[in-house]
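Visitor: Listed below, chain by chain, are the residues.
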Amino acid sequence: GNSVTQMEGPVTLSEEAFLTINCTYTATGYPSLFWYVQYPGEGLQLLLKATKADDKGSNKGFEATYRKETTSFHLEKGSVQVSDSAVYFCALSDRQGAQKLVFGQGTRLTINP
Amino acid sequence: SAVISQKPSRDICQRGTSLTIQCQVDSQVTMMFWYRQQPGQSLTLIATANQGSEATYESGFVIDKFPISRPNLTFSTLTVSNMSPEDSSIYLCSVRPGQTLMNTEAFFGQGTRLTVV
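Protein sequence lines, in the order shown, are assigned to chains A and B.
For reference, each letter of the first sequence is one residue, going 1 to 113 in this note's numbering.
For reference, each letter of the second sequence is one residue, going 114 to 230 in this note's numbering.
Just so you know, the hints here were simulated from the structure itself, not pulled from any lab data.
Given the structure is predicted, the values throughout are model-derived calculations rather than measurements.
Heads up, some of the hints might be wrong.
[Stated by the list, open to error] Which chain B residues face chain A? A few, computed with CB under 7 Å, are given here:
id	residue
1	Cys126
2	Pro152
3	Ser155
4	Leu156
5	Asn216
6	Gln223
7	Leu227
Beta carbons are placed, not taken as given, at the ideal position from N, Cα and C, and that holds for glycine.
Model the full structure from these sequences, guided by the hints.
Guide: In structure tokens form, the structure reads like this:
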């Protein structure tokens, strides 16, 4: 079945540091890939997505590129801010389980000033 | 987009009792999804609720423990029955409005934080 594996957390960085959160997936077809974010005290919300190979999703300075050859969708940001502190979830959906999202285990990110 | 109202936002319940969680969406959607997020864990899909038919449960979840109602296209309830401390979790309602569903953004309620004592 489909699965998503995320980098173990928690991750703690200083402000303006470079961020990478690794995400790899296993899927039977050609999935769509997502990053969701959960800020403290808030609900889960979409950060970015990519729906086919080599697509790059981007939002709020975050980027992730859909790499079919390495089955990866790593999240990156060049200069993090304290306000980026949150839990980040990688997720996929594919045509077979079209409406279901499969989530990774989540990575808690803390940015110190 | 979709706005989801979920209630209660939190509850503390005695073991052996049941709690019904309500989910109201501001637009009509074909499917509604119920997830569980255990402390420090990821989201696990419990079931998919279709209007006018039985819910579809994921492996490890059964209707007797998590009965679901879906009386119309904007509303669903999830009941956590005969609760034990292991049921302490956040329960989330979600929808994915749109036509090309595998590409579509999912929207989530704020969640119900359940503590069973």
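Visitor: Taking the hints in turn, state whether each one holds.
Guide: A quick look at each hint next to the structure:
{"no.": "1", "hint": "Cys126", "in the structure": "22 Å, violated"}
{"no.": "2", "hint": "Pro152", "in the structure": "11 Å, violated"}
{"no.": "3", "hint": "Ser155", "in the structure": "4 Å, holds"}
{"no.": "4", "hint": "Leu156", "in the structure": "5 Å, holds"}
{"no.": "5", "hint": "Asn216", "in the structure": "5 Å, holds"}
{"no.": "6", "hint": "Gln223", "in the structure": "5 Å, holds"}
{"no.": "7", "hint": "Leu227", "in the structure": "16 Å, violated"}
Violated hints for the displayed structure, listed by number in ascending order: 1, 2, 7.
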